[in-house]
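Residues per chain are reported as follows:
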Amino acid sequence: MSESVQVTNNLTNPEASSQRTLYPYVTGTSVVAIKYKDGILMAADMGGSYGSTLRYKSVERMKSVGKHSVLGASGEISDFQEILRYLDELILHDNMWDDGNSLGPKEVHNYLTRLMYNRRNKFNPLWNSLVLGGVKNGQKYLGSVSMIGVHFEDNHVATGFGNHLARPILRDEWKEDLSFEEGVKLLEKCMRVLLYRDRSAVNKLQIAKLTEEGMTISQPYSLKTFWGYGAFQNPTVGAEGSW
Amino acid sequence: MFRNQYDTDVTTWSPAGRLFQVEYAMEAVKQGSAAIGLRSKSHVVLACVNKSNSELSSHQKKIFKADDHIGVAIAGLTADGRVLSRYMRSECINYSYSYESPLPVGRLVVQLADKAQVCTQRSWKRPYGVGLLVAGLDESGAHLYYNCPSGNYFEYQAFAIGSRSQAAKTYLERKFESFSTSSRENLLKDALFAIRETLQGERLTSSICTVAVLGVGEAFQILDQKTVQALIDAFEIAGEEAPAAEGDAPDQSAAGSGPTTDQGPPAEPDVAPMET
Chain A
1 MSESVQVTNN LTNPEASSQR TLYPYVTGTS VVAIKYKDGI LMAADMGGSY
51 GSTLRYKSVE RMKSVGKHSV LGASGEISDF QEILRYLDEL ILHDNMWDDG
101 NSLGPKEVHN YLTRLMYNRR NKFNPLWNSL VLGGVKNGQK YLGSVSMIGV
151 HFEDNHVATG FGNHLARPIL RDEWKEDLSF EEGVKLLEKC MRVLLYRDRS
201 AVNKLQIAKL TEEGMTISQP YSLKTFWGYG AFQNPTVGAE GSW
Chain S
1 MFRNQYDTDV TTWSPAGRLF QVEYAMEAVK QGSAAIGLRS KSHVVLACVN
51 KSNSELSSHQ KKIFKADDHI GVAIAGLTAD GRVLSRYMRS ECINYSYSYE
101 SPLPVGRLVV QLADKAQVCT QRSWKRPYGV GLLVAGLDES GAHLYYNCPS
151 GNYFEYQAFA IGSRSQAAKT YLERKFESFS TSSRENLLKD ALFAIRETLQ
201 GERLTSSICT VAVLGVGEAF QILDQKTVQA LIDAFEIAGE EAPAAEGDAP
251 DQSAAGSGPT TDQGPPAEPD VAPMET
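These protein sequences, in sequence, are chains A and S. The opening position of the first sequence corresponds to residue 1 in the UniProt record's numbering, with each subsequent residue numbered one higher. The opening position of the second sequence corresponds to residue 1 in the UniProt record's numbering, with each subsequent residue numbered one higher.
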């Protein structure tokens, strides 16, 4: 009973029908997060785009990790789900020690960095930009990891378009010890700009709050928008030769 | 424990439910030179007796740093101890690499214990012949653990292992209740006193003992000989031909008002010599 099994991998045949990630299919757009008085606030819309089609509108792009952290992701949704499975196993083994120690946001952030960088080195990246925030023993932590393993910590982070549209707002208006209401207002201001200007944004978002007590995530809701500008009433007025 | 027909293999139980090879391994720990550890809420001190075989040779290393926040003192087969220290260092650095955080000492101790247990359940292995006093710091403060060749581990406020460790244990048992709130200096003093107890009258100098300390805000370090000798002198611990029951702690101040012994410093001119 002999079976010949053909084993090809990237080493034996580099050009073989590749099993590595080439481009993302279903993607989420920006995640924005800030530190505030009691912990972390994170916002992300619920859209999953299929190329330029806004196909899925109820994708939860933020999930809690263990007791102390929350993870938000943009990029390929299936890779995000894979990352959640890795983290699930990590937290499970952490809990199995049953010894009073637990992985905090700093540890999870570093683990994710190693994970993303390792995949990048194999030319098979997890196509995500991640935001990892948490509070442990009163210490707030907020970090970011990209698909190539670039990582850093800051008082406010964002992914994708959020870096270009939201961060400048946060640089001007973020301050230490924002109240919950101030923080939400600030995030909503960022998300509104993204909604107007990012083509892959959808008007259905959630805000996650993470404090020492744990994570709560809001019900999905929409932002009020205003389109009543004069230029939109008669868009072709003044454009000569247009039809 | 005498030789019997159930002690050839580690995988053979005796009718009384004992694994003699494991018990013999614990005997090996008792033959090694003494090592002691004690801790307060914020600091842990490890100290050991380091006697070289001859005047020509150097003494064996018995205290190892595993990481900035974990150190270990060994007693027994030092070769086994060295191998286990290497394992501890490896685990610490791998954890730091993945999580950018120090490995919680409680987890390292469990890993060591599980490693030791494996050797009690394989016919082609033998138990490690070394006892480990693991000193470490984690989020909940300072810890001291003892790892046995049997695969058991225990947490202690203070402990001593190796030959003549009972004398040190007796001293520590008397004083351990105060260790929790002891200062770093007092902890070092008590460690040196405990070591002196195991010497049974022989003079304590820094050339025959090693002391290491770690604490909140202080990375694990083995104190150099000069520092240790200064501590011995400051606390007037040297004691020569003094009975092992000597337990009077000298006064805190190093000025010659402590109990005078033959080796004590000469009485200061302005201080009346004390009755011995």
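Misleading hints may appear alongside valid ones.
[Unchecked claim] Here are the in silico distance ranges between beta carbons for each label pair:
{"id": "1", "chain 1": "A", "residue 1": "G51", "chain 2": "S", "residue 2": "R122", "range": "45 to 51 Å"}
{"id": "2", "chain 1": "S", "residue 1": "R82", "chain 2": "A", "residue 2": "M96", "range": "29 to 35 Å"}
{"id": "3", "chain 1": "S", "residue 1": "K226", "chain 2": "A", "residue 2": "F180", "range": "55 to 61 Å"}
{"id": "4", "chain 1": "A", "residue 1": "G138", "chain 2": "S", "residue 2": "Q117", "range": "35 to 41 Å"}
{"id": "5", "chain 1": "S", "residue 1": "S178", "chain 2": "A", "residue 2": "N155", "range": "42 to 48 Å"}
{"id": "6", "chain 1": "S", "residue 1": "R82", "chain 2": "A", "residue 2": "F180", "range": "52 to 58 Å"}
{"id": "7", "chain 1": "A", "residue 1": "P168", "chain 2": "S", "residue 2": "K226", "range": "20 to 26 Å"}
{"id": "8", "chain 1": "A", "residue 1": "P168", "chain 2": "S", "residue 2": "Q225", "range": "55 to 61 Å"}
{"id": "9", "chain 1": "S", "residue 1": "R82", "chain 2": "A", "residue 2": "R85", "range": "54 to 60 Å"}
{"id": "10", "chain 1": "S", "residue 1": "E139", "chain 2": "A", "residue 2": "D177", "range": "44 to 50 Å"}
[Unchecked claim] One-sided excerpt, in silico: chain A residues whose CB lies under 10 Å from chain S:
{"id": "11", "residue": "N95"}
{"id": "12", "residue": "W97"}
{"id": "13", "residue": "R119"}
{"id": "14", "residue": "G241"}
[What the hints assert, rightly or not] Cut-off 30 Å, straight-line C-alpha distance, at most; resulting in silico cross-link-like pairs (BS3-like, lysine-lysine):
{"id": "15", "chain 1": "S", "residue 1": "K65", "chain 2": "A", "residue 2": "K106"}
{"id": "16", "chain 1": "A", "residue 1": "K185", "chain 2": "A", "residue 2": "K136"}
{"id": "17", "chain 1": "S", "residue 1": "K41", "chain 2": "S", "residue 2": "K125"}
{"id": "18", "chain 1": "A", "residue 1": "K224", "chain 2": "A", "residue 2": "K106"}
{"id": "19", "chain 1": "A", "residue 1": "K67", "chain 2": "A", "residue 2": "K57"}
{"id": "20", "chain 1": "S", "residue 1": "K65", "chain 2": "S", "residue 2": "K125"}
{"id": "21", "chain 1": "A", "residue 1": "K67", "chain 2": "A", "residue 2": "K224"}
{"id": "22", "chain 1": "A", "residue 1": "K106", "chain 2": "S", "residue 2": "K30"}
{"id": "23", "chain 1": "S", "residue 1": "K115", "chain 2": "S", "residue 2": "K226"}
{"id": "24", "chain 1": "S", "residue 1": "K61", "chain 2": "A", "residue 2": "K106"}
{"id": "25", "chain 1": "S", "residue 1": "K65", "chain 2": "S", "residue 2": "K41"}
{"id": "26", "chain 1": "A", "residue 1": "K136", "chain 2": "S", "residue 2": "K41"}
{"id": "27", "chain 1": "S", "residue 1": "K41", "chain 2": "A", "residue 2": "K140"}
{"id": "28", "chain 1": "A", "residue 1": "K175", "chain 2": "A", "residue 2": "K106"}
{"id": "29", "chain 1": "S", "residue 1": "K125", "chain 2": "A", "residue 2": "K136"}
{"id": "30", "chain 1": "A", "residue 1": "K67", "chain 2": "S", "residue 2": "K41"}
{"id": "31", "chain 1": "S", "residue 1": "K175", "chain 2": "S", "residue 2": "K30"}
{"id": "32", "chain 1": "A", "residue 1": "K175", "chain 2": "A", "residue 2": "K189"}
Treat the hints as calculated values from the structure; they're not laboratory data. Virtual Cβ for every residue (Gly too), placed ideally from N, Cα, C.
**Report entry** Hint check, failures only
**Finding:** Of the numbered hints given earlier, those the structure breaks are 1, 7, 9, 10, 11, 13, 14, 17, 18, 21, 22, 23, 24 and 29, listed in rising order.
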